[in-house]
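S.K.: The residues making up each chain are set out below.
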Amino acid sequence: MRDILKIGGQEISSRLFLGTGKFSSNRLIPQVVEASGAQVVTVALRRVDLDYEEENIAAYVPKDCILMPNTSGARNAGEAVRIARLARAAGCGNWIKIEVISDNRYLLPDNYETIKATEILAAEGFVVLPYMSPDLMVAKKLAEVGAAAVMPLGAPIGSNRGLKTKELIKILIEEIALPIIVDAGIGRPSEAAEAMEMGAAAVLVNTAVATAGDPVVMASAFGLAVRAGRIACLAGPGETLDYARSSSPLTGFLRD
Amino acid sequence: MKFNLNGKEEFFKESLTVAELINLKGLNPDTVVVEYNRELVKKEQLAGIVLKENDRLEILRFVGGG
Chain F
1 MRDILKIGGQ
11 EISSRLFLGT
21 GKFSSNRLIP
31 QVVEASGAQV
41 VTVALRRVDL
51 DYEEENIAAY
61 VPKDCILMPN
71 TSGARNAGEA
81 VRIARLARAA
91 GCGNWIKIEV
101 ISDNRYLLPD
111 NYETIKATEI
121 LAAEGFVVLP
131 YMSPDLMVAK
141 KLAEVGAAAV
151 MPLGAPIGSN
161 RGLKTKELIK
171 ILIEEIALPI
181 IVDAGIGRPS
191 EAAEAMEMGA
201 AAVLVNTAVA
211 TAGDPVVMAS
221 AFGLAVRAGR
231 IACLAGPGET
241 LDYARSSSPL
251 TGFLRD
Chain U
1 MKFNLNGKEE
11 FFKESLTVAE
21 LINLKGLNPD
31 TVVVEYNREL
41 VKKEQLAGIV
51 LKENDRLEIL
61 RFVGGG
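Protein chains in written order, with the numbering used here: chain F, 1 to 256; chain U, 1 to 66.
Hints are not guaranteed to be accurate.
[As the list claims (entries may be wrong)] Lysine-lysine pairs mimicking DSS-like chemistry, simulated, CA-CA at most 27 angstroms apart: (1) LYS43/U with LYS13/U; (2) LYS13/U with LYS22/F; (3) LYS43/U with LYS63/F; (4) LYS13/U with LYS63/F; (5) LYS170/F with LYS141/F; (6) LYS42/U with LYS13/U; (7) LYS42/U with LYS8/U; (8) LYS2/U with LYS42/U.
For the record, the hints were derived by calculation from the structure and aren't laboratory data.
I would like the entire structure built from these sequences, with the hints used as guidance.
M.R.: This is the structure in structure tokens:
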């Protein structure tokens, strides 16, 4: 079955997007990407630590992946725009995940600043994927100013708590014409499958894979779960009932 | 000469180009992104920029992130 997700003119066959943070070693990243089948991989931009030798993460991301830098660390639209421009100029392509956060406890996104950054960067030709709190009016505004997709959170970043915002995400899926990509909070493959069954276009997972006992095997499980959920969505799940309805015929019983 | 590197003050007695500074810090110019006084610098420009008093330099790189 050919089932392609199109974002920013790119055709993507894997609906699992993968983050590269928190892995015990960068050497795991190529194995994790391969096991998951992910084609979109996120990275962050930071000041070099001059007292400590670090590796270049980009060297560990397979060349055929779409590298999507995020603007993590940005506290307002201006900082997000600065990071996005630096990342693009560094040869990272034109995809950017907008992440504007000034709340350090829950790391919830600032939807207002996110809209501002999205508008500026979309006008500059970026393929903008904004991370946001699931709010219908905000999602509509993001679509209006040129977002290529909308990325609502399932639960706070890194919490592995699952789809706590499920009902709000469902509304976005129904009402917004752009791809809805559930980002943050997904902790288990079953939750990724559920998001896909609901009609999400893709999911972005990082912590759940990076902190698993075996990240490579977990990456594979997520890849399968996302595929299963997507296929189930395309198949169209049957109706749910409050009472039983027999699956076997209610005639021809072997009794008097 | 005093300038700001990644948010911290640095002092050098002699004049120095950005390329020389990167070399001195043991960094590979192919793996870093350099911003000089809020302007992005291309790799081929690094050797032509001589650091001046109160310049602001950011040397960045991609790291793991979600």
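S.K.: Take the hints in turn and mark each one as holding or not.
M.R.: Consistency of the hints with the structure:
Straight-line distance between C-alpha atoms of LYS43/U and LYS13/U comes to about 25 angstroms, which keeps the hinted pair within the 27 angstroms bound. Between LYS13/U and LYS22/F the alpha-carbon distance is near 40 angstroms, which puts this suggested pair outside the 27 angstroms criterion. Pair hint LYS43/U plus LYS63/F holds up; C-alpha atoms about 21 angstroms apart against a cutoff of 27 angstroms. Among the hinted pairs, LYS13/U with LYS63/F is inconsistent with the structure: their alpha-carbon atoms are about 43 angstroms apart, more than 27 angstroms.
Simply put, LYS170/F and LYS141/F have alpha-carbon atoms about 17 angstroms apart, close enough for the 27 angstroms limit, and the pair holds. Proposed proximity of LYS42/U and LYS13/U is supported: the alpha carbons are some 26 angstroms apart, at most 27 angstroms. For the proposed pair LYS42/U and LYS8/U, the alpha carbon gap of about 23 angstroms is at most 27 angstroms, so the pair holds. Between LYS2/U and LYS42/U the CA atoms are separated by roughly 23 angstroms; this keeps the pair inside 27 angstroms, and the hint holds.
The structure does not agree with the numbered hints 2 and 4 stated previously, though it agrees with the rest.
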